[in-house]
Amino acid sequence: MAIWDLFSKLLGRDRSSKVAKERLRLVLVHDRSNTATVDVLNELKEDLIKVISEYMEIDENALEVSFSNSDNSVALVANIPVIGMRRAVGK
Amino acid sequence: MNGNVLVITSGKGGVGKTTTTANLGTALAMMGKRVVMVDTDIGLRNLDVVMGLENRIVFDIVDVVSGHCKLKQALIKDKRFEGLYLLPAAQTKEKTAVSPSQMKRLSEELKQEYDYVLVDCPAGIEQGFRNAVAGADDALVVATPEVSSVRDADRIIGLLEAAGLTRARLIINRIRPKMVRRGDMMDIEDITEVLAINLIGVVPEDEIIVVSTNRGEPAVTEYTSRAGEAYRRVARRLLGEEVPFMALEYNEGIFYKFRKMLGMAAR
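Those sequence lines, one after another, are chains A and B. Our numbering applies: residue 1 is where the first sequence begins, and numbers increase by one. Our numbering applies: residue 1 is where the second sequence begins, and numbers increase by one.
Note that these hints are calculated values from the structure, not bench results. Worth double-checking, as some hints may not be accurate.
Quick list of in silico lysine to aspartate or glutamate cross-link-like pairs, EDC-like style, CA-CA up to 20 Å [to be verified]: (1) A:18 with B:229; (2) A:18 with B:146; (3) B:12 with B:205; (4) B:77 with B:126; (5) A:18 with B:184; (6) B:33 with B:217; (7) B:12 with A:31; (8) B:178 with B:206; (9) B:33 with B:138; (10) B:178 with A:31; (11) B:79 with B:184; (12) B:79 with B:108; (13) A:50 with A:64; (14) B:178 with B:207; (15) A:18 with B:193; (16) A:45 with A:57; (17) A:50 with A:39; (18) A:18 with B:138; (19) B:33 with B:229; (20) B:77 with B:94; (21) B:72 with B:126.
Note that the structure is predicted; figures quoted are calculated from it, not measured.
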């Protein structure tokens, strides 16, 4: 780390360009998730059902997938009710 | 002849769409191409004053699409540059005076006659934007190294993709090398990484742009202008030439070298 960065760290301040990039990254995740939500989430739901159904029986109609925003992160939250487990086929 | 319809857009206002259109149009004409610049910012036209052609307007784009005049009557020939024409926007009408399908037909007609049809898009994502992209084959997205501008550019790139324009290329405008070096302005990599789009030009902040806009003479004609040089390079890239990006360093001086040694300079 360069000496100047170390000073900045000690002062508790990041370079403003770094701050800008980090804020942009987050706001774009949010923007993109809003504008693409319907298509992307529907595709994701179908894929999730496909994959998870190989392991357990789930309630497809009650399955919920959405984005959740907090101060400095965006999370994908999935609520998938399990109806039953498939018998382990085991290798 | 089948020309190329290029829309110049940004989402955010004031980042340099009109300046970019004027300079690229002029540069391409200086390289021997037949070029028409179309101002689609109905109600807030400005390409005419940036080009210094405001006194020669008789008819405008609304007159053309509504059939009040022939296309040829509305086109203003720039006497300074062989092969350069302007189709001005209407100043007193609404954006809805032109529809996307009319714009598409107009673009088709223009590209029969010209190598390049440069469409100057208004700010925003409403009808003006939809009109401007309707007949476009390709898009150039202009953004400045600011959070608000890059964010809007991202939205525009998404809307362009939705409209089938998936090969949009980015022009980073008004970059200030000194601030980038200090770490107080996002650099080229920061922006291209966030937007995930190909870069076609980097235009440094340049006072000559203000002067040339005052006079109505595009900066590409000014050989000492850094921004003018950057625009000439973009024009060559549009023609398919491989041109290196301009070095944004200038007169580093001994103090900068000293700071670099200490690691105080960003790069």
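The hints, checked one at a time:
1. A:18 with B:229: violated, 29 Å
2. A:18 with B:146: The given pair, whose Cα atoms are some 12 Å apart, holds under the 20 Å limit.
3. B:12 with B:205: Satisfied, since the Cα-Cα distance of roughly 18 Å is no more than 20 Å.
4. B:77 with B:126: violated, 30 Å
5. A:18 with B:184: Satisfied, since the Cα-Cα distance of roughly 8 Å is no more than 20 Å.
6. B:33 with B:217: Satisfied, since the Cα-Cα distance of roughly 19 Å is no more than 20 Å.
7. B:12 with A:31: With Cα atoms ~15 Å apart, residue 12 of chain B and residue 31 of chain A stay inside 20 Å; holds.
8. B:178 with B:206: OK: residue 178 of chain B and residue 206 of chain B at ~13 Å, within 20 Å.
9. B:33 with B:138: holds, 17 Å
10. B:178 with A:31: violated, 31 Å
11. B:79 with B:184: Measuring from Cα to Cα gives roughly 43 Å; hence the hint is violated.
12. B:79 with B:108: Roughly 25 Å between the alpha carbons, so the hint for residue 79 of chain B and residue 108 of chain B is violated.
13. A:50 with A:64: The given pair, whose Cα atoms are some 15 Å apart, holds under the 20 Å limit.
14. B:178 with B:207: Distance of about 15 Å is within 20 Å: holds.
15. A:18 with B:193: holds, 13 Å
16. A:45 with A:57: holds, 15 Å
17. A:50 with A:39: Since the Cα atoms of residue 50 of chain A and residue 39 of chain A sit roughly 17 Å apart, the hinted pair holds (cutoff 20 Å).
18. A:18 with B:138: With a Cα-Cα distance of about 32 Å, the restraint between residue 18 of chain A and residue 138 of chain B is violated, given a limit of 20 Å.
19. B:33 with B:229: Within the cut-off at roughly 18 Å; holds.
20. B:77 with B:94: violated, 25 Å
21. B:72 with B:126: violated, 28 Å
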